[in-house]
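Trainee: As a plain string of letters, each chain reads:
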Amino acid sequence: MSITVTELTHIYSPGQPQEQTALDNISFRIADGTFAGIIGHTGSGKSTLVQHLNGLLKPTSGKILVDDTDITASGADSRQVRRSIGLVFQYPEYQLFEETVEKDVAFGPTNLGLSQDEISERVREAIQLVGLDYDAVRGVSPFELSGGQRRRVAIAGVIAMGPRVLILDEPTAGLNPRAHQEILDMVDGIHERTGNITIMVSHNMNDIARMTDQVLVMERGRLVMDGTPREVFSHGDELRQLGLALPDAAEIAEELRRAGLPLTGSFMTMEETADAVAKALKK
Amino acid sequence: MTAFLEVQNLVFDYIKQDGTTVRAINNISFEVEQGSFTAIIGQNGSGKSTLAKNINALLLPASGRVLVDGLDTADPASLWEIRRRVAMVFQNPDNQIVSSIVEDDVAFGPENLGIDPDEIRRRVSFALSAVEMEEYRKKAPHQLSGGQKQRIAIAGAVAMQPACIVFDEPTAMLDPRGRGEVLDVIERLNEQGITCVLITHFMEEAARADHVIVLDEGEIKMDGQPAEIFRRPEKLRELSLDVPPAVQMAHLLRQRGIDLPEDINGTEELVRCLCRSQ
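As they're listed, the protein sequences go chains C and A. Using my numbering, the first residue of the first sequence is number 1, and each one after it goes up by one. Using my numbering, the first residue of the second sequence is number 1, and each one after it goes up by one.
Hints are supplied without guarantee of correctness; some may be wrong.
Some chain C residues judged to face chain A by a derived CB distance under 10 Å, without partners named [what the hints assert, rightly or not]:
id	residue
1	HIS41
2	GLY43
3	ALA173
4	LEU175
5	ASN176
6	ASN206
7	GLY243
8	ALA245
9	GLU251
10	LEU256
11	ARG258
12	ALA259
13	GLY260
14	LYS279
Which bits of chain C does chain A cover? Going by a derived footprint, with three or more residues having C-beta under 8 Å, they are [stated by the list, open to error]:
id	segment
15	142 to 149
16	177 to 190
17	266 to 275
Simulated crosslink set (EDC-like; lysine to aspartate or glutamate; CA at most 20 Å straight-line) [claimed, not checked]:
id	chain 1	residue 1	chain 2	residue 2
18	C	LYS103	C	GLU144
19	C	LYS283	A	ASP259
20	C	LYS282	A	ASP259
It is worth saying that the hints were derived from the structure and are not from the lab. Every residue, glycine too, gets a C-beta built ideally from N, C-alpha and C.
If we strip away everything but chain C, and leave its shape as in the complex, we get (with noise of 0.2 Å):
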């Protein structure tokens, strides 16, 4: 599966006074298989972007291809769009309403018409898909979990529809640094088990710079720089300009040049920063 994205545009109230451009003339491709991360501060377009991607919002003009489908075409049946490319909102456990994990789950495939059996199934996979212990939480109530287990939950519920492309609209916000990583490493798992597309929008360069293949960098509304995590954080000063910061290793490598060490490259994790600065220290 890929996703082709052509001019996209779109424009929220039309003629309106408060006429405002969300998104402005967007073209990219993310291939099958890709982990691709999507970067920019708040209001830069991204959440709005990921809601045309499942069909959520219709575009003003332009339009995506899911393999040769094309999900803006009029005739499309968005149902069955939002069925194969799952979208995880922000703090998606405000989302939970059922009184157990395992009915909270149940509740799309359940909507999707499935046999009994099916729905079992589906429910089981993604509550052990998401790391929890299907035996031991499918009677509780969410309420009664973590923060970290009922986002969990939550994004089990996106899963058990069975989706082929899954969006992340930042999994991690508010998260501690322990609930942080156990979240990036169930995210990153579920990449490898499915090979699936898998999209995240992040404010954490770290996380961005260490999971992704692709980068996409928006800026009010436009795609202003598309490429490899490599390729998107060596171009540094513009990346500060839309007010933007680098991972933590790159931004103590530029500290660390500009200071007059002779450091080349780009760093994308702090070991590869730590061991160019132990070889430049020696020469």
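Since chain C is already given, all that's left is putting chain A on it; use the hints.
Mentor: Frame of chain C; chain A shown alone:
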């Protein structure tokens, strides 16, 4: 130096629906100096928010004492005096804003104290300028960014003219820019003499305080200046906490045979040490 807050052998238990109790705070003691900036860090469930609510008598100790400016939180007669001295700012700005116009929201607290309207106007102007939001005074809160809304919530606290503000994870829901704005405001209020207690799980925020308390499972595991705390990355990792990037880098460089002093907290110090040895 005088202590503004004294927590003495504090114990706090939550009672669950089935009647069993869970010990959230297990016999902790510490002091917060008047005018200081103290950070309390710990992972979720470590007891840090429960501790915050014990500071201004939203919760009362099961045993032990909490003294605020010498007043015992367990004494009902002191309740209003304590709340007047200690204001709180919570995680989600949307849950703390009550009015549809920024300046009305900031005025809400002082109005409830029955203060003279001229004085309220002065306080609102002062509070909005303290958080650098004067030009937004006539705006609707929903038009603001998360960081701006949180600064309005802080202005609401400042307008009460408290001696101390307890910030309970005020940046957890904000983007990096919003977090920076809120931290700058906290530092500036502290410079103006307000005692600040910041509950957080971001290490780089704790690095800006003068005093850091690390909580885990309701107990104090570490207590000292930021440099003393960050000198022990293994201990922090054991408590599921991160160290700031510069501290982590210094650690990796030492492993690679580079001689560095023990008290590096920030990138500036790291750069100075490495580029001096050149």
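Trainee: At least three residues with a C-beta closer than 8 Å to a C-beta of chain A: is that true for the segment 142 to 149 of chain C?
Mentor: Held - the segment 142 to 149 of chain C has 3 residues with a Cβ nearer than 8 Å to chain A, which meets the minimum of three.
Trainee: Checking hints one by one. Is GLY243 (chain C) an interface residue toward chain A, by the C-beta closer than 10 Å rule?
Mentor: For GLY243 (chain C), the interface hint holds, since the closest Cβ of chain A sits about 6 Å away, which is under 10 Å.
Trainee: Can ASN176 (chain C) be said to touch chain A, with a Cβ gap under 10 Å?
Mentor: Hint holds; ASN176 (chain C) Cβ to chain A Cβ min 4 Å, cut 10 Å.
Trainee: Report holds or violated for the interface hint on GLY260 (chain C), using the least CB-CB distance to chain A and a cut-off of 10 Å.
Mentor: The hint holds - GLY260 (chain C) has a Cβ within 10 Å of chain A, the shortest such distance being about 6 Å.
Trainee: The hint names GLU251 (chain C) as touching chain A; please verify it with the least Cβ-Cβ distance against 10 Å.
Mentor: 7 Å, holds
Trainee: Have a go at the ALA259 (chain C) hint: is there a Cβ in chain A nearer than 10 Å to its own Cβ?
Mentor: 4 Å, holds
Trainee: May I ask you to test the interface hint for ARG258 (chain C) with respect to chain A, counting a Cβ-Cβ separation under 10 Å as satisfied?
Mentor: For ARG258 (chain C), the interface hint holds, since the closest Cβ of chain A sits about 8 Å away, which is under 10 Å.
Trainee: Is LYS103 (chain C) close enough to GLU144 (chain C), meaning Cα to Cα at most 20 Å?
Mentor: Given pair LYS103 (chain C), GLU144 (chain C) holds - Cα atoms ~15 Å apart, limit 20 Å.
Trainee: Let's test the interface hint: is any C-beta of chain A closer than 10 Å to that of LEU256 (chain C)?
Mentor: The hint holds - LEU256 (chain C) has a Cβ within 10 Å of chain A, the shortest such distance being about 6 Å.
Trainee: Going by Cβ atoms only, is LYS279 (chain C) closer than 10 Å to chain A?
Mentor: 9 Å, holds
Trainee: Could you check if GLY43 (chain C) really has its C-beta closer than 10 Å to a C-beta on chain A?
Mentor: 7 Å, holds
Trainee: Given a cut of 10 Å on the nearest C-beta pair, is the interface hint for LEU175 (chain C) held or broken against chain A?
Mentor: 8 Å, holds
Of the hints listed earlier, there is not a single one the structure fails to meet.
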